[in-house]
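J.: Residues per chain, in single letters:
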Amino acid sequence: MSSIGTGYDLSASTFSPDGRVFQVEYAMKAVENSSTAIGIRCKDGIVFGVEKLVLSKLYEEGSNKRIFNIDRHVGMAVAGLLADARSLAEVSREEASNFRSNYGHDIPLKHLSERVAMYVHAYTLYSAVRPFGCSFILGSYDKDDGPQLYMVDPSGISYGYWGCAIGKAKQAAKTEIEKLQVSLNLMNVEVQEKLKLMVTLLVCQMKEMTCRELVKEVAKIIYIVHDEVKDKAFELELSWVGEVTNGRHELVPKNIREEAEKYAKDSLEEDDDSDEDNM
Amino acid sequence: MEKRCVDSQVKGVSTGTTILAATFDGGVVIGSDSRASIGGEYVSNKVINKVIQVHDRIFCCMAGSLADAQAVTKAAKFQLSLHSVQMEAPPLVIAAASVLKELCYRNKEELQAGFITAGWDSKEGPQVYVVSLGGMLVRQPVTIGGSGSTYIYGYIDAKYTPNMSREDCLQFATNALALAMGRDNVSGGVVNLVVITHRGVERVVIPGDKLPKFHDE
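In order, the protein sequence lines correspond to chains U and F.
So that you can map any letter, position 273 of the first sequence is 273 in my numbering, and since no number is skipped, the others follow by simple counting.
So that you can map any letter, position 57 of the second sequence is 57 in my numbering, and since no number is skipped, the others follow by simple counting.
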């Protein structure tokens with residue numbers, strides 16, 4: 001992968017001779033070690049799905065949430081160092097709350113993601129602090145502006161997306177993905193590639209989907225991406241915001257989540273049956 | 001607008017003005033008289049403008065101390081222009097009203113200024129907001145303020161209907177201001193009206209001799 005930046009990687013205030021800030025890149029590696037979170041935008045809302053690895057059977061179910069409510073209309077799914085992510089969720093909440101206090105209305109998501117990205121970027125400028133080791137996806141729904149999805153990474157950049165993934169299966173190049181056709185043979189493809197392809201197939205269809213349909217597809221992607229060999233048990237965290245929730249960001253209700261998980265597991269079995277070789 | 005009399009101990013002294021804003025079908029009309037007086041005895045300015053533009057389609061009328069009101073509107077205009085550049089969109093009327101409200105509320109000990117904010121935005125259409133002296137913010141379909149407003153509460157209550165046509169609303173506003181100016185000694189001059197719709201902004205000035213006359217004039 002990338003070369004070891006000997007001597008140029010000790011602080012975020014140092015460039016390497018080839019123009020890289022290694023500390024920021026190392027922060028992004030911290031995100032890549034974390035399990036996957038995805039966010040997808042459809043016709044009438046956003047759905048978040050997180051593959052929450054359960055490290056101990058003693059954990060209470062539903063603890064260590066990775067999806068946060070930032071404002072009543074904004075949700076955030078995170079990947080990377082969870083403590084860093086929690087601190088940024090608090091920053092985002094203050095930003096949204098101050099906006100509402102000053103301007104009397106809900107903060108537009110583009111503005112919120114720019115403000116939080118600016119905050120994250122500030123931590124990449126000094127040697128006294130380290131960059132945040134988390135990426136996060138922000139999503140919101142407004143009846144006038146529609147659904148919006150933004151992703152912020154440790155370098156402090158924010159982009160708007162139709163669909164994005166962070167964590168072990170981080171989506172790299174959008175263009176090559178969009179070129180892919182709808183019907184593809186998914187055999188003998190690595191997990192990362194597979195996730196990219198899955199999300200691409202969805203890009204074609206998802207612009208027309210509703211949230212209810214999308215929830216099942218998101219669950220399916222998480223189940224497909226989950227590596228049964230390396231990682232053991234996981235909990236699927238699902239949340240949505242859209243017309244179906246009247247613009248409020250909420251965790252998906254239990255019955256709908258169970259229905260989505262069932263669909264995901266059934267599709268996996270179908271895939272397994274039809275595959276010749278093992279992935 | 002009155003300069004506060006040196007020996008006046010009363011806080012919240014009524015201002016020598018009449019201001020008004022009303023929504024109609026597709027827009028709002030905001031207007032005021034044009035008299036500035038000192039001590040209720042001397043007209044210092046016959047044609048002062050009390051309707052200030054804070055953004056492309058958002059105007060506000062000042063009540064209270066002229067100095068305080070001007071300072072607040074200047075600060076609000078700056079904040080709104082920065083806000084709209086950051087948002088890459090014109091500010092909502094509620095955002096403008098909230099900015100004024102925050103300034104009035106946070107500095108209520110030092111300031112004596114209230115506002116009527118009116119405008120049009122693409123989200124909620126035409127709106128009128130009142131920011132009172134202490135910093136209360138409330139939305140209303142029609143509202144009046146200033147010392148001359150006391151004489152026309154009855155007229156407003158009786159004659160205002162929501163979703164009037166543009167012409168009816170203009171006539172309504174002109175009549176209301178003329179009636180107030182006719183009875184309040186510290187309101188007078190010309191009637192300054194601004195009509196705001198999605199198409200844009202139109203200023204209407206009605207000089208004293210063209211004002212509607214009532215039975216006793």
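No lab work stands behind these hints: they were computed from the structure.
It is possible that part of the hints are untrue.
Pair ranges (Cβ atoms, derived) [unchecked claim]:
1) F:Val201 to U:Gly160: 48 to 54 Å
2) F:Gly40 to U:Arg100: 41 to 47 Å
3) U:Glu94 to F:Gln70: 51 to 57 Å
4) F:Gln171 to U:Asn255: 39 to 45 Å
5) U:Glu213 to F:Asn163: 37 to 43 Å
6) F:Glu124 to U:Gly7: 54 to 60 Å
7) F:Gln70 to U:Arg100: 50 to 56 Å
8) U:Glu213 to F:Arg139: 47 to 53 Å
9) F:Ala71 to U:Arg100: 47 to 53 Å
10) U:Ser87 to F:Ala71: 51 to 57 Å
11) U:Asp231 to F:Lys108: 55 to 61 Å
12) U:Lys143 to F:Val201: 25 to 31 Å
13) U:Asp145 to F:Arg183: 46 to 52 Å
14) F:Arg203 to U:Thr210: 53 to 59 Å
The calculated lysine to any residue pairs, modelled on SDA-like cross-linking and capped at a C-alpha distance of 20 Å, are [to be verified]:
15) F:Lys77 to F:Pro207
16) U:Lys143 to F:Gly39
17) U:Lys110 to F:Lys159
18) F:Lys123 to U:Asn246
19) U:Lys254 to U:Asn69
20) F:Lys77 to F:Ala89
21) U:Lys110 to F:Val201
22) F:Lys159 to F:Leu179
23) F:Lys108 to F:Ala71
24) U:Lys143 to F:Ala71
25) F:Lys108 to U:Asn102
26) F:Lys159 to F:Asn175
27) U:Lys216 to U:Asp44
28) F:Lys46 to F:Arg203
29) F:Lys159 to F:Thr174
30) F:Lys123 to U:Arg72
31) U:Lys143 to F:Lys123
32) F:Lys46 to F:Pro207
33) F:Lys123 to U:Arg248
34) U:Lys143 to F:Pro90
35) F:Lys159 to F:Gly189
36) U:Lys29 to U:Lys230
37) F:Lys123 to U:Asn102
38) U:Lys43 to U:Lys230
39) F:Lys123 to U:Glu243
40) F:Lys123 to U:Lys29
No experiment lies behind these values; they were computed from the predicted model shown.
Here a beta-carbon is modelled for each residue, glycine too, at the ideal position from N, C-alpha and C.
J.: List in ascending order the numbers of the hints, as given earlier, that are violated by the structure.
T.: 1, 3, 4, 7, 8, 9, 10, 14, 15, 16, 17, 21, 24, 35, 38, 40
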